[in-house]
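Trainee: Sequence:
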Amino acid sequence: WRGGDSDDGGTVGWAASEVRDGVQDCMDVLSEEGFEVDEVERVTRPLLRDPEQVAVFAVYRLQRRQLQLGVDFTL
4 WRGGDSDDGG TVGWAASEVR DGVQDCMDVL SEEGFEVDEV ERVTRPLLRD
54 PEQVAVFAVY RLQRRQLQLG VDFTL
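In this note's numbering, the protein residues as written are 4 to 78.
Honestly, the hints are just simulated from the structure, not real lab data. Fair warning: there could be bad hints in the mix.
Unchecked claim - Pair by pair, the computed Cβ-Cβ distance ranges are:
1) Glu35 <-> Glu55: 35 to 43 Å
2) Gly25 <-> Thr47: 15 to 23 Å
3) Thr14 <-> Pro54: 34 to 42 Å
4) Leu51 <-> Thr14: 30 to 38 Å
5) Leu51 <-> Asp31: 26 to 34 Å
6) Trp17 <-> Glu55: 27 to 35 Å
Yeah, the Cβ is synthetic: ideal placement off N, Cα and C, and Gly gets one too.
Work out the full structure: start from the sequences and follow the hints.
Mentor: Next up, the structure:
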């Protein structure tokens, strides 16, 4: 997490994960809880133990949405 990386001075977090079942569900929950979730990059790499198989990794940028007049993102 780093404070002040966004235009409005809010805190920005970065997360990296192997993309598996359930990762998108977690990102959806974060979004429902008031976070802006952006997938920054996705890469596919062969597995060291079996180059015929691949793993997919993604980097996500997470930022708490700022409350706007009349809008409450925490519901």
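Trainee: Given a hint of 35 to 43 Å, does the C-beta separation of Glu35 and Glu55 actually sit inside it?
Mentor: Distance hint for Glu35, Glu55 holds at roughly 38 Å.
Trainee: Using the beta carbons of Thr14 and Pro54, state whether their distance is inside 34 to 42 Å or not.
Mentor: Cβ of Thr14 to Cβ of Pro54: about 40 Å, so the range 34 to 42 Å holds.
Trainee: Cβ-Cβ distance between Trp17 and Glu55: within 27 to 35 Å?
Mentor: holds, 31 Å
Trainee: Does the Cβ pair Gly25, Thr47 satisfy 15 to 23 Å?
Mentor: holds, 19 Å
Trainee: Range first: 30 to 38 Å. Now tell me if the beta carbons of Leu51 and Thr14 are that far apart.
Mentor: holds, 35 Å
Trainee: Take the C-beta atom of Leu51 and the C-beta atom of Asp31, compute their distance, and say whether it sits inside 26 to 34 Å.
Mentor: Hint holds: Cβ distance 31 Å, inside 26 to 34 Å.
In the structure shown, no violation is registered for any of the earlier numbered hints.
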